[in-house]
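Trainee: Sequence:
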Amino acid sequence: MDELAGGSQEQQPHRLHIYATKHNTHLTFNKMVDVLLSISCGNIGFKKAGRGSYDAAYQLAAFALKQMQEKGMLRDMHRLEVVLRGFGAGREAVTKVILGSEGRFIRNRIISVVDATRLKQGGPRGKKPRRLG
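Residue numbers for the sequence shown follow the numbering used here, beginning at -14 and rising by one.
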């Protein structure tokens, strides 16, 4: 079964998904299909418009890395793939945390950074042009 999924569990890297929208930031840490940690800005006490701020995302990333370390999730993690999605303020904030002192535990384990942001191709038909005159 593992061979069909692309190799054994030891070879598959852990993934840190960062979904940064205009209004919130979500972090999900998983191994294959097992979600180990899933957290957003609302979970750490930010309400309404505060969830979309840079500061909220920075605190979220620092809190998530601290939780990963305290729960011992970093012991069996040798390779990490970071998946970024969205163009919110949290994208830059989480990157700063990983590159800063809080991310020193996982920084050397990152093997790839992937951008999974969905882009519009074409989109819906536009409005008809106004005719003045």
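Take these hints with a grain of salt, some might be off.
Here are the computed lysine-lysine pairs in the DSS-like style, where the Cα-Cα straight-line distance is at most 30 Å [said to hold, decoys possible]:
#1 K51 with K7
#2 K112 with K51
#3 K7 with K33
#4 K33 with K105
#5 K56 with K81
For the record, the hints were derived by calculation from the structure and aren't laboratory data.
Trainee: Run through the hints listed earlier and report the numbers of any the structure violates, in increasing order.
Mentor: 2
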